[in-house]
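So this note's numbering is basically just the index in the sequence shown, starting at one, shifted up by 2.
Hints listed in this document are in silico derivations from the structure and should not be mistaken for laboratory results.
Note that the structure is predicted; figures quoted are calculated from it, not measured.
Among the hints, erroneous ones may be present.
[Stated by the list, open to error] Here are the simulated lysine-lysine pairs, DSBU-like style, with alpha carbons at most 35 Å apart:
| # | residue 1 | residue 2 |
| --- | --- | --- |
| 1 | Lys205 | Lys222 |
| 2 | Lys91 | Lys22 |
| 3 | Lys222 | Lys22 |
| 4 | Lys22 | Lys105 |
| 5 | Lys222 | Lys200 |
| 6 | Lys75 | Lys22 |
| 7 | Lys200 | Lys105 |
| 8 | Lys200 | Lys75 |
| 9 | Lys158 | Lys178 |
| 10 | Lys222 | Lys158 |
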Amino acid sequence: MIYIVEDDADIREMEAYALKNSGFEVCAFSDSAELFSAMGTGALPELLLLDIMLAGDDGMTILRRIRQDPRTKLLPVIMVTAKTAEIEKVRCLDAGADDYITKPFGIMELVSRVRALIRRSRAVEAPNLLICGCITIDDSAHTVCVDGTPCTLTYKEYELLKLLMTNRNIVFSREKLMDRIWGFDYEGESRTVDMHIKTLRQKLGAGGSLIETVRGVGYKIGG
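Using the sequences plus the hints, can you model the full thing?
Okay, structure coming up:
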C-alpha cells in the first residue's frame, strides 16, 4: 500500500493513477489530519509520497512527526516539491526523507523511484523489529508496544504473537500453532491455543483486532 499526501487534486489523482496502473494499492489524502487518522486506525503503508507545500501542517512538519514516532520512524518517505534549490533537497534528507522528487516529474520517474525505494527498504529492514498496524515487536529487546505503549506478555503469548507477525496473512491451524509454540502435539487440548489468543487480544487492546479468526481453520494476523 502506498500513501499519498498532496493538496492539489489534479496532481494527487495523477500520482494515484500512475501507481495503481503499476500494480500498487494506493490511498490518497489532502492533508496531515487525513493521513494520521488513516495510520492510527489501520496498517502502515509500505511507502509515503509526501508533498512539502501543504495547507496546515506542511510536509516537513509531517516528516518530523513520522520520524519521532517509534511506530513510523522506519517508514520510507519520498518528498515531492516544486522547489528546485539544492538547499531544499538537503533540508528534506537531513529531516529524514529517503528520497526527493521535483515537480514537474515524469510518470515513469515517479514509479521508478517508488519501486527503487521499496526494494531498498525491504533489503535493509531491521530483522529484529516487527511492525503490524499499531503493534511493534523489538525482538532484540524482547518487548512489545501497542501505539507506543509497552505491553507485558507471557513467554508463550510473546512467541505466539511473534510467529503470527513474522508470517503476516498466513493462516495457522491450531495444531500447527501447538507444534510451533509448544513444541509437541498437544492432542485434545487445542483450546489452549484459543485461550492464549483470547488473553493476547485482551492485552493488546486496540491491536487485538488484528489477530483474525479464520473459521474452521485457525488464526492469522492481518494488516
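Here is what the structure says about each hint:
1. Under the criterion of a C-alpha separation no larger than 35 Å, the hint pairing Lys205 with Lys222 is consistent with the structure, at around 17 Å.
2. The straight-line distance between the Cα atoms of Lys91 and Lys22 is roughly 27 Å, inside the 35 Å bound, and the hint therefore holds.
3. Of the supplied pair hints, the one linking Lys222 and Lys22 holds, its CA atoms being roughly 27 Å apart against a limit of 35 Å.
4. Restraint check for Lys22 and Lys105: the C-alpha separation of about 20 Å stays at or below 35 Å, so the hint holds.
5. The suggested pairing of Lys222 with Lys200 holds, with an alpha-carbon distance near 13 Å, which does not exceed 35 Å.
6. For the suggested pair Lys75 and Lys22, the alpha carbons sit about 25 Å apart, so the restraint of at most 35 Å is met.
7. Annotation: proposed proximity of Lys200 to Lys105 is violated, straight-line Cα distance about 50 Å (limit 35 Å).
8. Restraint check: the Cα-Cα separation between Lys200 and Lys75 comes to about 30 Å, which is no more than 35 Å; the hinted pair holds.
9. Restraint check: the Cα-Cα separation between Lys158 and Lys178 comes to about 14 Å, which is no more than 35 Å; the hinted pair holds.
10. For the hint linking Lys222 to Lys158, the alpha-carbon distance of about 16 Å falls within 35 Å, and the restraint holds.
The earlier numbered hint that this structure contradicts is number 7, and it is the only one.
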